[in-house]
Amino acid sequence: MTPNPAPPAVSLQGVAKSFNDVPALTGLDVVAPDGQITVLLGPNGAGKTTAIRIVTGAMSTDAGTVRTLGLDPDADGEEVRHACGVVSAKPALYDRLSGTDNLRYAAELHGVDKRIIDDRIRSAAGRFGIEHALASQVGGYSTGMKTRLALARSVLHEPTLLLFDEPTSGLDPESAQAVLQLIRDMTTDGHTVVMCTHHLVEAEGLADHVVVLDEGTDLIAGPPAELTRRFWPEDSVEIAVEGDAPIDDITVLDGVRRTEPSRFGTRVVLDDPSLTPDVVAALVGAGHRIRMVNPHDPTLEELYFAVRRSARELAESTNPPAPNADREVAR
Amino acid sequence: MNWSRTLTVARTDVKQLVLAKDFWMPMGILGSIFFVIVPLVLLFSITSLGDVDAVRSIADTLEVLPERAQAQIKGDTPQGRTSYALAVFLFAPMAVVVPLTISTAVGAATLVGERERGTGEFLAHSPAGTKEIYLGKLLASLLPGYFTTMVGFTAYSLIVNLIVGPEVGGWFFPTTQWWLLMLWVLPGFLLIGLSLVLRLSGRVKSTAAAQQASGLITLPLIAVSYAQASGAIYGTAGTTIAIGAIAWTIGIASTVKGMSAIKRQRLLGVADGV
Numbered sequence: 340m341t342p343n344p345a346p347p348a349v350s351l352q353g354v355a356k357s358f359n360d361v362p363a364l365t366g367l368d369v370v371a372p373d374g375q376i377t378v379l380l381g382p383n384g385a386g387k388t389t390a391i392r393i394v395t396g397a398m399s400t401d402a403g404t405v406r407t408l409g410l411d412p413d414a415d416g417e418e419v420r421h422a423c424g425v426v427s428a429k430p431a432l433y434d435r436l437s438g439t440d441n442l443r444y445a446a447e448l449h450g451v452d453k454r455i456i457d458d459r460i461r462s463a464a465g466r467f468g469i470e471h472a473l474a475s476q477v478g479g480y481s482t483g484m485k486t487r488l489a490l491a492r493s494v495l496h497e498p499t500l501l502l503f504d505e506p507t508s509g510l511d512p513e514s515a516q517a518v519l520q521l522i523r524d525m526t527t528d529g530h531t532v533v534m535c536t537h538h539l540v541e542a543e544g545l546a547d548h549v550v551v552l553d554e555g556t557d558l559i560a561g562p563p564a565e566l567t568r569r570f571w572p573e574d575s576v577e578i579a580v581e582g583d584a585p586i587d588d589i590t591v592l593d594g595v596r597r598t599e600p601s602r603f604g605t606r607v608v609l610d611d612p613s614l615t616p617d618v619v620a621a622l623v624g625a626g627h628r629i630r631m632v633n634p635h636d637p638t639l640e641e642l643y644f645a646v647r648r649s650a651r652e653l654a655e656s657t658n659p660p661a662p663n664a665d666r667e668v669a670r
Numbered sequence: 002m003n004w005s006r007t008l009t010v011a012r013t014d015v016k017q018l019v020l021a022k023d024f025w026m027p028m029g030i031l032g033s034i035f036f037v038i039v040p041l042v043l044l045f046s047i048t049s050l051g052d053v054d055a056v057r058s059i060a061d062t063l064e065v066l067p068e069r070a071q072a073q074i075k076g077d078t079p080q081g082r083t084s085y086a087l088a089v090f091l092f093a094p095m096a097v098v099v100p101l102t103i104s105t106a107v108g109a110a111t112l113v114g115e116r117e118r119g120t121g122e123f124l125a126h127s128p129a130g131t132k133e134i135y136l137g138k139l140l141a142s143l144l145p146g147y148f149t150t151m152v153g154f155t156a157y158s159l160i161v162n163l164i165v166g167p168e169v170g171g172w173f174f175p176t177t178q179w180w181l182l183m184l185w186v187l188p189g190f191l192l193i194g195l196s197l198v199l200r201l202s203g204r205v206k207s208t209a210a211a212q213q214a215s216g217l218i219t220l221p222l223i224a225v226s227y228a229q230a231s232g233a234i235y236g237t238a239g240t241t242i243a244i245g246a247i248a249w250t251i252g253i254a255s256t257v258k259g260m261s262a263i264k265r266q267r268l269l270g271v272a273d274g275v
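As they're listed, the protein sequences go chains A and B. Residues in the first sequence are numbered consecutively from 340, following our numbering. Residues in the second sequence are numbered consecutively from 2, following our numbering.
In short, the hints are calculated from the structure, not lab data. Here the structure is a predicted model, which means the values were calculated and not measured. Among the clues, some could well be false.
[What the hints assert, rightly or not] Straight-line Cα separation of at most 30 Å, DSS-like style, residue types lysine-lysine; simulated pairs:
#1 B:K206 / B:K22
#2 B:K16 / A:K453
#3 B:K206 / A:K453
#4 B:K16 / B:K206
#5 B:K206 / A:K429
[Unchecked claim] Distance ranges between label pairs, derived from CB positions:
#6 B:E117 / A:E497: 26 to 34 Å
#7 A:Q352 / B:L220: 49 to 57 Å
#8 A:D373 / B:L220: 51 to 59 Å
#9 A:S357 / B:W25: 38 to 46 Å
#10 B:P221 / A:K453: 39 to 47 Å
#11 B:A21 / A:E418: 28 to 36 Å
#12 B:K22 / A:K453: 49 to 57 Å
#13 A:G366 / B:K22: 49 to 57 Å
#14 A:S357 / B:E117: 17 to 25 Å
[Unchecked claim] Facing chain A, according to a computed beta carbon distance under 10 Å, are these residues of chain B, among others:
#15 R12
#16 S58
#17 G130
Every residue, glycine too, gets a C-beta built ideally from N, C-alpha and C.
Okay, chain B solo, but in the shape it has when bound:
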């Protein structure tokens, strides 16, 4: 295993993505909608409305949250408590949805794309091993989604602290649970999704087919991630660490299996009926 070659494959793929405006423009828009526009509108509306019936009604619904979560909610006013609860608990799953959507879109096209463009021939004749190519492609698919999420997360943190902070006695975000979600749980789920999508990308006949089929993998995974992200935020730090550990274990096992599943001649588009 030559890590230098793996990083070369990853760096070159990322460079191509950066040069493709038609790729990063939608990616930026998606991240902005989920991390900036929706939270900004929602949190700003709630904190601006003041102590009105609508906000009080929403505040009442917070009682459905687990007791432990309710105890964490800060703020003395209904709008303060409501905006705090939304900022900390409601938006957690989107932190998983955005990178999974972006990364799987990149990952689905990566191997089959080499074959469609004819550049798979170059890679197949190169000294790079199939494991190095697979891992390089996995890194290159993971980074754009994770990077977008971290940039979005930074913007989201700023919005939350600036809008909700004054209502609850100062800056409070990210909470410990959020740090664990972003740095520990999320990469694990990304690894699971990408390891599966890359294997798919190495098998199908066209990018269009890869995109379609990757939806079948990512949709259930997004649903599971959504539930687990909520659990991670509502639960204790221990629960979050355990969820992350399970995700990492499955992700690593799936990656190791994926590394062995990629065959050199699949890059040429002639293996096993492809």
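Pulled out of the complex, with its shape left as it was, chain A reads as follows:
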């Protein structure tokens, strides 16, 4: 008998939310597995921030079911928010107060025992490398320092679930990398992280679970490897030869299914990626001079664009544009 899997930390089912009749979320389904990093990936306006706000109960839904750590945020909001640590897209810090006062405010609102608040502040600030600036007014902090302070504030009360909305927004690449590393470290402590971003590179290598959002709904969800396999079920290698000579005759080799033109040369679809050296040897034997051999290892970026492209194609096939639509837009 297999043990029951842990219930998800976050579960949104059929969630809808509109602002002044403008839909922000339309039938959104999101599941964030416990103890993993779930990345909500999508362009600006996809509904990522609204989803985070709904998870903590900061915002109510128009329809659908929300469960955060097994609780209903509308009914058990205080308990839910106590268990969550949130970093918003803007750090949401009080500029006139010092770093210490900002952290103390959060700790007191979360009901951290007054006797241990100072220790918690020192520990959280040390973890994010901001302890040297605690006495200074936050208004004088750099964007990177503000983000670090906001991250320190999010863990002060030892929450179970961490929600980060564009945590690297406005940071230089080095600071962004450091922040992502800190987020990665947090899951080793058993935290569940839900992070929103539209930076595909950030999600790459960080996400255990990806949900691609667009126009308020989820397009696809799952572990990145599983998703790429779903979109590119076949193994392939991209090969370019000098003079861009055709290499279609390689299909006579055992294990080579077919070839197709690709961005830099020819994509060769194989039964097994271990056949790549045989393909290369055969091409060299046939007199080709190899310029590039690139085993196809799809990135999250490719996946993202492939998902969005197929969603667009599906939408167009179900709702074909009106014949005069272009003219209407031009007018």
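Start from chain A and add chain B according to the hints.
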């Protein structure tokens, strides 16, 4: 209802105000003008002028005061009676105007300010309830105005006793009516004003709009308070207590309604068209 969280919100807001020089400097100047400079100049002028026609003319106008008020006026000389009447009766309404002006200025910016600075997002995701946040903000708006008034009132009492006291046979201020006005009637009026202004602050789109709209609420309230403060001073202690009780009743009812009117998502700036 977690009172500890309410006090945390209030304390943090007050701390931010204390750190904002651009806030407490004008507040101090306003209090000084009403409680120190104007009374000092007026009372000093009257008591220094001596028994001249101008002072006697002013003293004659005291006859328009209610008989009960006239009976309370001390002093044997026209300047003594005039300065006593001014100190006790003329300046009473300003004790209401100053804190209402300061507190509503703070209150108008408090909730919409959180939204404008983006810190409303932090509060909305915190475990603090909307009632706790509302009451914390109300306290934080009330305290600076009331504190300024009490400091000003202390300075005013000192000025009155030092300048008018020698003319009427010794220190006499504050009178019972003034004590009741400051400790009982004034907080009631402040509560009415702030409960309304905070609801407004939670609804409007910008601090500027909140300041403009709060004027529409506070101006009539100041007019009513002005009249009631005068009534409290001219009337009996019973009248003053009754005026205070009515103000407290309305203030508490308005606060309770305001607590329920604030929605968490208004802190995010996305509710009901905001």
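Now the hints, each set against the structure:
Distance hint between K206 of chain B and K22 of chain B is fulfilled; the C-alpha atoms sit about 25 Å from each other, no more than 30 Å. The straight-line distance between the Cα atoms of K16 of chain B and K453 of chain A is roughly 18 Å, inside the 30 Å bound, and the hint therefore holds. Among the hinted pairs, K206 of chain B with K453 of chain A is inconsistent with the structure: their alpha-carbon atoms are about 36 Å apart, more than 30 Å. Note on K16 of chain B and K206 of chain B: the hinted pairing holds, with a Cα-Cα distance of about 25 Å set against a maximum of 30 Å.
Among the hinted pairs, K206 of chain B with K429 of chain A is consistent with the structure: their alpha-carbon atoms are about 19 Å apart, no more than 30 Å. At about 31 Å, the beta-carbon gap between E117 of chain B and E497 of chain A stays in the expected band of 26 to 34 Å. Between Q352 of chain A and L220 of chain B the CB atoms are about 51 Å apart, so this pair conforms to the stated range of 49 to 57 Å. At roughly 56 Å, the beta carbons of D373 of chain A and L220 of chain B sit within the given window of 51 to 59 Å.
Taking 38 to 46 Å as the suggested C-beta distance range, the pair S357 of chain A and W25 of chain B conforms, at roughly 43 Å. Look at P221 of chain B against K453 of chain A: about 44 Å separates their beta carbons, and that is inside 39 to 47 Å. At about 35 Å, the beta-carbon gap between A21 of chain B and E418 of chain A stays in the expected band of 28 to 36 Å. The hinted window of 49 to 57 Å between K22 of chain B and K453 of chain A is violated, with their beta carbons roughly 30 Å apart.
For G366 of chain A and K22 of chain B, the hinted distance range of 49 to 57 Å is satisfied, since their beta carbons lie about 52 Å from each other. Checked against the hint of 17 to 25 Å, the pair S357 of chain A and E117 of chain B passes, with Cβ atoms roughly 24 Å apart. With a cut of 10 Å, the hint placing R12 of chain B at the interface with chain A holds, because the nearest CB-to-CB distance is about 9 Å. With 10 Å as the threshold, the beta carbon of S58 of chain B stays out of range of chain A, its nearest partner Cβ sitting at about 52 Å, so the hint is violated.
Because the beta carbon of G130 of chain B sits about 7 Å from the nearest beta carbon in chain A, less than 10 Å, this interface hint is met.
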